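Novice: Sequence:
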Amino acid sequence: MATDAVNAVYAEVSTPKTPNVQADKAVPLSSTFWASLVVVLLLPFQFGWSVGQLNLTAFNNENDCNARPVAQGTCLMFPGHTKTEWTLVVNAWIVGGMVGSLVCGAISERYGRKKVLLANAVIMLAGAVLQASTSSISVFMVGRIVAGVASGCATGMVGGYISEISPPNRRNSYGTFMQVSLTAGILVVTMSFFVADTSNGWRYIAALPVLNAGFFLALAPFVLVESPAWLLEKGDRERAEREIARLYGLEYVQLALSWMEASVDTDLESEEQQHEGGTLSLLVSPLFIRQLLVALGVSAAQQLTGVNAVCYYLSDIFSDAGISDSRVGGVIVYVLMLIPTMAVARLSERFGNRRLLLTGLAGMFISATGITFSLAFSVQALSIVFTGTFVAAFSASVGPLIWPITAALFTDSVRATAVSMCIFVNWVCNLIIGVCFPYISDALDAYKFVPFMVTTAAFFLFTQWCIPETAGKSTEEIQATFRSRGNQKLAVSS
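In the working numbering, the protein residues as written are 596 to 1089.
Keep in mind the hints are simulated off the structure, nothing from the lab.
Take the hints with a grain of salt, since some may be wrong.
[What the hints assert, rightly or not] Per label pair, the in silico range of CB-to-CB distance:
1. ALA813 x TYR1042: 46 to 56 Å
2. ALA1038 x ALA813: 42 to 52 Å
3. VAL737 x LEU713: 43 to 53 Å
4. LEU713 x SER973: 49 to 59 Å
5. VAL1045 x SER794: 38 to 48 Å
6. VAL1049 x TYR799: 33 to 43 Å
7. GLU657 x SER733: 18 to 28 Å
As the structure is a computational prediction, the values presented were derived from the model and not from experiment.
For glycine and all other residues, C-beta sits at the position ideal for the given N, C-alpha and C.
Generate coordinates for the entire structure from the input sequences, incorporating the hints supplied.
Specialist: And the structure:
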């Protein structure tokens, strides 16, 4: 990397309002902070659960479901359903996610983070009840849409919430915990297939989020804090101080206010107040347009680099290699996803987000090339190896880092709306891959992963030239970095 040349055009910026990082590190985190963090992570767990919920072959073996009559013990979910019905059921969740991610930001700006998170848990519970109790595939589809709304709202809000309750130097690390929760949800539901492959097993799988939502609703009213940053934005300083005291202790209230008010009262504030077009208009103004484009690019990269397509092809890859039980292959891959995801918090502290993104994208490019080679020359063992390295590279970079990076790029006053827009784009890209990849696979056959070689290379270049370092930086530092570029071409420092 041409570090010196890059640094010459994109220098890091500190300002008089930059928080004292050493002081931030000294701030103790109370049991209330940890309780808030753990409880809020119940919501993305449901997202992961819903991702993997229908991925058991026995639920939808096309040949079994097309047979008439349907043989006993086959096509376990809604026996005899059509391919079109199943496609609609699978993608209904994504449609709901798009809706939830898009609307939650504006609602939480008005009513607060805590109230919207509580309401979201009720939506999650309703979606699970609808799915688990019905004998109609149409009603199940509605339940999937409702569950998708809950998943979309969780992905649109939880990352920003974690950022707003965490000290600046820990926001990035703790933001990656969201992906840990999400990946754990996928792994646990995949493991449940070993005991739930019965005619009613899918109902128990669909019902699990009832417990998830129940725990959240029982605990959140007492342990979940309201975002102090949101309270300061609304002018409720007294309540913000109370919530800060719950998070860090009374003796650290003034220190915490110093970094939160540095964001609220950033040098951009006067410009924001003078902007009369509302939050959306502000985001597309010169003040935030570069940040928004960078965040949208990161959000798109998480899906368009192809990890879901790799997972889509898992059963074929493992079957060709002699592992006929797709559940075994799924557990292997999701363990490979979870382990690096759990290490990202520490890695980002040591190496920074940009280096992890660049290394991960390079690893994904090499792995996609390896998968293509192994498929073209029928080297099954290599296809398994490169599938493993692909998901590991994703899980150590693009997968978890979307959440802290998108949250870090915006000030408190616009963060919720901006992040919800970014996650909406993420869901749209998820839908595009889900709908298009089967056709790409049929058309390109052994070369089906070539498009992802192109996208990983493109996003590598995007990261190299457009994404600044956000790890360990305060909101005000990041905004100052963007402002320092003015109207020049955005470049990045190592």
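Novice: None of the hints should be skipped; say for each whether it holds.
Specialist: Hint-by-hint comparison with the structure:
no.: 1; hint: ALA813 x TYR1042: 46 to 56 Å; verdict: holds (51 Å)
no.: 2; hint: ALA1038 x ALA813: 42 to 52 Å; verdict: holds (50 Å)
no.: 3; hint: VAL737 x LEU713: 43 to 53 Å; verdict: violated (22 Å)
no.: 4; hint: LEU713 x SER973: 49 to 59 Å; verdict: holds (53 Å)
no.: 5; hint: VAL1045 x SER794: 38 to 48 Å; verdict: holds (41 Å)
no.: 6; hint: VAL1049 x TYR799: 33 to 43 Å; verdict: holds (42 Å)
no.: 7; hint: GLU657 x SER733: 18 to 28 Å; verdict: holds (20 Å)
Checked against the numbered hints above, the structure violates only hint 3.
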